[in-house]
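Line by line, the protein sequences are chains U and C. Number 39 in my numbering belongs to position 39 of the first sequence; there are no gaps in the numbering. Number 1143 in my numbering belongs to position 143 of the second sequence; there are no gaps in the numbering.
Simulated from the structure, these hints should not be mistaken for lab results.
So, partial list: chain U residues that the calculated Cβ filter (under 10 Å) puts toward chain C:
hint : residue
1    : Leu159
2    : Phe215
3    : Asn221
4    : Ala226
5    : Tyr278
6    : Tyr290
7    : Trp295
8    : Gly304
We treat Cβ as the ideally placed atom computed from N, Cα and C, and that holds for glycine.
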Amino acid sequence: MKMGYAGLSIKKGTIIQALHHRKSWLVVLGGLVIGSFLGLMITYWLWPVEWSDATPSYLAPEYQDEYLIWVADQYASSGDLEWARAALGEDDWRDGELAVTLERLALERGGQQGIRLMVLAMTFDELAKPNSVSIGTTTGQWPNLLAMFGTVLLLLAALAGGTFTLIRRNVKQPLTTHEITVNAGVVEDRPQVKPVSRTVKSISLIQRTHRLRRFLSNWQNLLPLAIIGIFLFVAIAAPWLAPSEDPNNSLPFKLVDSRESTPLPPSAGLPLGTSVFYESPEMLLHYDVYHSLIWGTRAVLRFGLLEPYCLPVSGF
Amino acid sequence: MSASFGILVGAASAYIGGLFNSLVMRITDGFLAFPLIAAVWLFQQILARLDWASGYYTLDAWVVPLTQRQRLIASMGIEPVMLAFILFSWMPFARIINANVLQLKQTEYILAAKSVGVKPHRIILRHLLPNAIAPAIVLIARDIGGLVILQAAFAFIGIGGAITGNITEWNRLLLLGRTWIIGIGGNLLVYWWMYIPVTLALVLFGVGWNMLGDRLNVLLSPWDMK
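So here's chain U without its partners, still in its complex pose (with noise of 0.2 Å):
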C-alpha cells in the first residue's frame, strides 16, 4: 500500500532523507531515546556522582529514611549516642530538622520501629514534642501537584482518544447532509482518488464535534462529570483550600493540639472538628476531619486513576 503523498518513495538511507521525507518526528524521537539513554548510561553507571565526607542530612529521602532507620536500630540495641551523633552528622542539619524528621518517620512507620525512631528522636532534642502540629517531610507540595496534573491529563487524553477513535467508525455508512454536499462537490471538482480521503477526514471531525457537543448538551452527562469535576477541582486545590501550617509541609493530615479525649466537635478553626485517636493519655492524636478530607481526596484519585494504569507503588 503506498501512502497519500504518492510519487516520493521512500529510500532506506541518511537520516537527511528521511528529513526530507517527512519522518522528522521519527529523527527526533530516536534522539531523545538514544540521548537520555546515553545520559542515564554516564550518569549512573560510567561515571556516577560521588561524595565524599557527606552526612544523611544530604542523602535522597528514600534512602536518608533507611539509613535513619539503620542508626535508631543500632541505637536501641547499643545505646552508644555519641557513636548516634557522629553518623547522622547532628552539626550538618538545620536547628530541630533532625528530630523532626525522626519523628515523621516514627509516625510513618509505627509499630516496634516506629517507638526506636522517637526514643532517637527524643534523646536528640528536647524541643521534640510528641504532639506537634506541624510534621516537616523532606518532599515539597510541587511534585505531589504536577502528578495530579500528569494523571488527569492522562486519564482525560485516553477518554477523548477512546472516544473520538470509536466514533470515527460511524463514518464509514454516509449519513449526514454535510456530508453528500462535500463529496459531490469535490467529486465534481477533481474526479482523483486521493481528495476523497481528505474529504472524509474532515467529515468525520465536524461529526466528532457534533456528537461531544450532543452529549455535553445533556444533563444526565453532565452530571457524573460535574461530581468527578469537583473531586479534581478539590484535589488540585488541596493546598488552597486546606493549608498547613507550615508551607514546606504537605503531609496529608493535621494534628490539633489538644488535651480532650473525646473528639472536638466543629467550630470556627475547625469546620468538621477532629477524629480521636487515643490509645492512652500519652498517645493522644486529634485528626482535622476537614483537613483529612480535603487532602485525602488526592490519595483516593490517585489510586483510583493509577491502579488501572500504572505502577502498584506509593511513592508515584
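With chain U's structure known, arrange chain C on it following the hints.
Same frame as chain U, but now just chain C:
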C-alpha cells in the same frame, strides 16, 4: 495497569485464536475463580513480614536475606491492596475484549485488510482495538469508583495499613469513626462529624464514576449512533 494488561492479553490471544486462545482464556478463568479477599490477605501477610530495614524476610523460623535489588523494590512502598487489585482485576477486561475481537475477526473489512497484506500489529492496533474497546472504556470508568470503595471496605475490616501509619486519609477517618461510634462510650448521634462527611464523599465518588460509566455506555453503544 490491570486495564491495559487485560486489554492487550485479550486482544492478542483472540487474534492468534485457536488452541492458544482457549488456553489463555482458561488461565484467565483461573484468575477469576481466585477470591480477591484471599489475595489481599496473602499479600498483606507477605509484605508485613518483609522487614526491609534489616534486610530479611522472616516467616516463623524461616529467615531469608534479601538482595540489594529486592530491598530497593521493597523500600518503594508497595501497597498490598493495590498489588492484589492489579493482579486480580484484569480478567474482565481480557474477557470482554477477547469476545469482541473474536467476533470482529470474521467481519469483511478485517478479512480485506488481511488479504491486502496488512501487518498483524497494524490490524490489531488500527482496526480491531478501536472497534472493540468500547466496553473496556466503560468498565474502566466504573472500576475507578468501585476500586476506591472496595479499598475502603478492606481498610474498614483492618487490611490496608495501620491507623496511625501509612493509610489513605478517608480510610483513616472511617476507621477512627468506627471506634467512636460502636466502641466503648461511642454514640451514633453525638459524634456525627466523624463519619458523615467522609461517608458522603465516598458515596459521591462511587456514584460519580459509575454514572460516567453508564453514560459512556450509552454514548459508545453502536445502536445509539445517530
